[in-house]
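The whole structure should be built from the sequences, with the hints applied where relevant.
Protein sequences appear in the order of chains B and E. Numbered by the working numbering, the letters in the first sequence go through residues 1 to 178 in order. Numbered by the working numbering, the letters in the second sequence go through residues 1 to 328 in order.
Derived by calculation from the structure, the hints in this document are not laboratory data. We put the beta carbon where it would ideally sit given N, CA and C, even for glycine. Don't take every hint at face value.
Calculated Cβ distances over 10 Å to all of chain E for the following chain B residues [said to hold, decoys possible]:
{"no.": "1", "residue": "14"}
{"no.": "2", "residue": "19"}
{"no.": "3", "residue": "25"}
{"no.": "4", "residue": "26"}
{"no.": "5", "residue": "34"}
{"no.": "6", "residue": "65"}
{"no.": "7", "residue": "82"}
{"no.": "8", "residue": "119"}
Straight-line C-alpha distance at most 20 Å; calculated EDC-like pairs for lysine to aspartate or glutamate [stated by the list, open to error]:
{"no.": "9", "chain 1": "E", "residue 1": "309", "chain 2": "B", "residue 2": "33"}
{"no.": "10", "chain 1": "E", "residue 1": "14", "chain 2": "E", "residue 2": "117"}
{"no.": "11", "chain 1": "E", "residue 1": "309", "chain 2": "B", "residue 2": "3"}
{"no.": "12", "chain 1": "B", "residue 1": "25", "chain 2": "E", "residue 2": "33"}
{"no.": "13", "chain 1": "B", "residue 1": "20", "chain 2": "E", "residue 2": "33"}
{"no.": "14", "chain 1": "E", "residue 1": "51", "chain 2": "B", "residue 2": "33"}
{"no.": "15", "chain 1": "B", "residue 1": "133", "chain 2": "B", "residue 2": "53"}
{"no.": "16", "chain 1": "B", "residue 1": "133", "chain 2": "B", "residue 2": "119"}
{"no.": "17", "chain 1": "E", "residue 1": "51", "chain 2": "B", "residue 2": "3"}
{"no.": "18", "chain 1": "B", "residue 1": "166", "chain 2": "B", "residue 2": "51"}
{"no.": "19", "chain 1": "B", "residue 1": "142", "chain 2": "B", "residue 2": "53"}
{"no.": "20", "chain 1": "E", "residue 1": "51", "chain 2": "B", "residue 2": "29"}
Read off the chains here:
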Amino acid sequence: MNDAVEAVKALAIGFATTFKHLFRKPITEEYPEYKRPLPARSRARIILTRDPDGAERCVACYLCSAVCPVSCISMQSAENEDGRRYAQWFRINFARCIYCGLCEEACPTSAIQLTPEFENCENDILALVYEKKNLLVDHQGKDKEYNYYKYAGVATEVGKKGEHVKEERPVNIKSNLP
Amino acid sequence: MLNWIVGFTILIVKLGVVLLVLLLLAAYLVWLERKFLARLQIRYGPNRAGKFGLLQPIADTIKMLTKEDIVPAAADRFIFLLAPAVVATTALMMFAVVPFGSHLTLWGRQIPLVITDLNVGLLYVFALSSLGVYGVAMGGWASNSKYSLLGGIRGAAQMISYELALGLSLVPVVMLAGSFSIVDIVNAQAKYPFIIVQPFAFVIFMISAMAESKRIPFDLPEAENELGAGYHTEYSGIRFGLFFLGEYVHLQILGALVAVLFLGGWRGPILPPPVWLFMKMIFVALIMIWVRGTLPRLRYDQLMALGWKVLIPLALVNIMVTGAILLI
Numbered sequence: 001m002n003d004a005v006e007a008v009k010a011l012a013i014g015f016a017t018t019f020k021h022l023f024r025k026p027i028t029e030e031y032p033e034y035k036r037p038l039p040a041r042s043r044a045r046i047i048l049t050r051d052p053d054g055a056e057r058c059v060a061c062y063l064c065s066a067v068c069p070v071s072c073i074s075m076q077s078a079e080n081e082d083g084r085r086y087a088q089w090f091r092i093n094f095a096r097c098i099y100c101g102l103c104e105e106a107c108p109t110s111a112i113q114l115t116p117e118f119e120n121c122e123n124d125i126l127a128l129v130y131e132k133k134n135l136l137v138d139h140q141g142k143d144k145e146y147n148y149y150k151y152a153g154v155a156t157e158v159g160k161k162g163e164h165v166k167e168e169r170p171v172n173i174k175s176n177l178p
Numbered sequence: 001m002l003n004w005i006v007g008f009t010i011l012i013v014k015l016g017v018v019l020l021v022l023l024l025l026a027a028y029l030v031w032l033e034r035k036f037l038a039r040l041q042i043r044y045g046p047n048r049a050g051k052f053g054l055l056q057p058i059a060d061t062i063k064m065l066t067k068e069d070i071v072p073a074a075a076d077r078f079i080f081l082l083a084p085a086v087v088a089t090t091a092l093m094m095f096a097v098v099p100f101g102s103h104l105t106l107w108g109r110q111i112p113l114v115i116t117d118l119n120v121g122l123l124y125v126f127a128l129s130s131l132g133v134y135g136v137a138m139g140g141w142a143s144n145s146k147y148s149l150l151g152g153i154r155g156a157a158q159m160i161s162y163e164l165a166l167g168l169s170l171v172p173v174v175m176l177a178g179s180f181s182i183v184d185i186v187n188a189q190a191k192y193p194f195i196i197v198q199p200f201a202f203v204i205f206m207i208s209a210m211a212e213s214k215r216i217p218f219d220l221p222e223a224e225n226e227l228g229a230g231y232h233t234e235y236s237g238i239r240f241g242l243f244f245l246g247e248y249v250h251l252q253i254l255g256a257l258v259a260v261l262f263l264g265g266w267r268g269p270i271l272p273p274p275v276w277l278f279m280k281m282i283f284v285a286l287i288m289i290w291v292r293g294t295l296p297r298l299r300y301d302q303l304m305a306l307g308w309k310v311l312i313p314l315a316l317v318n319i320m321v322t323g324a325i326l327l328i
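Here it is in structure tokens:
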């Protein structure tokens, strides 16, 4: 008998709970009308950023292409007259891309970055192949300050470490003086 | 002869109207269920197709009609094709004995607002509802898939545990009305609805009816999260649609039966009788959706225990008490 009372009580509590929910405002976020602001580091559409001086960051090192698990990044490297590399063409096939973000992690110059912008569906699958002009943007993305060439001195035919265009002198790592 | 032709025409017109209303209502019952269940779960439910998602049933129908109708290669083809039809037709046929008004007088002719007033109407309903389970068992068997088979077996096993309680719970109602005809049962409720004198029978019937319509918490044959979709796992397109339709027509029928047997049927003040029946039906359907939104699915043995150890003894005691009171 006690069990039956308990059971009825438990049922009543359950039914009361659902009944109360009937008068609550739904918590659904209706997507096309309301777009939830996504975290800055959420991973969607890929861009190629520029450094603070406005030059292309990409040095066509192929690391992103190599690390890409679905091989959706391809490019052709070329060299400027000042000995610096750049991508002659750069292509990402978003029909293959799985937005894993490994390219971004592999990139030594912070050039390739993922953005929260995810609404890039197309009816035509070929329209998902983005060329360099579609990928290149006019800002620094998430990495505002970084300028690869300021720090990455390598001795080349053009000059020694720290002697290239806009390159800083190498830091003395044995000293902590500024 | 002329009389016969007029009578036949009236019957056909009545059948057509009832069938149309039933099918339309089944479609919008799906909408109602999705909407109401969503609100119980603090969601919005369908709201894209038309205002408040009112065109959703039409969109669903078009989708089901245009989808490919797949028959698995290993299936028992004939039974596989037959099973959904069994479920849908038995559910639709049950409405034949439900009265939705007393009678209409047109051109000096009295038209009773019921398709047929069988003197064993209640038994007819029981017979058809048991036949409906054959559709489930056949679909489960013919699909030649383990999930479907398990669903079919559960359907059959479930039936033997609720069917007795379902029948026994209505014996007091029949005793009070003194007739198996549903029209007579409604007429017997002219003074007061039977729910006032038979609350236990009402509760037992509601529980068994929910088991009958294979709805949560008794959706063991379907059990989406254990068996895929149970007996209709292998069905697609309009055949799946027929199972779906059968289920929702069943829900309506049970709503109508609860209304007719316990809530006074079409009787009510001011509004016309069919509207009263409709409102009572929707009310029962809403309660069933509320139950769906609240309770989890029972286990196989729990359902058996509930049926055999609780509902049947309770129904028997109820019959005895009612009989004793009727004698005194």
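Taking the hints in turn, this is what the structure says about them:
no. : hint          : in the structure
1   : 14            : violated (5 Å)
2   : 19            : violated (7 Å)
3   : 25            : violated (7 Å)
4   : 26            : violated (5 Å)
5   : 34            : holds (12 Å)
6   : 65            : holds (41 Å)
7   : 82            : holds (57 Å)
8   : 119           : holds (18 Å)
9   : 309/E x 33/B  : violated (53 Å)
10  : 14/E x 117/E  : holds (13 Å)
11  : 309/E x 3/B   : holds (14 Å)
12  : 25/B x 33/E   : holds (18 Å)
13  : 20/B x 33/E   : holds (18 Å)
14  : 51/E x 33/B   : holds (16 Å)
15  : 133/B x 53/B  : holds (19 Å)
16  : 133/B x 119/B : holds (19 Å)
17  : 51/E x 3/B    : violated (47 Å)
18  : 166/B x 51/B  : holds (12 Å)
19  : 142/B x 53/B  : holds (15 Å)
20  : 51/E x 29/B   : holds (18 Å)
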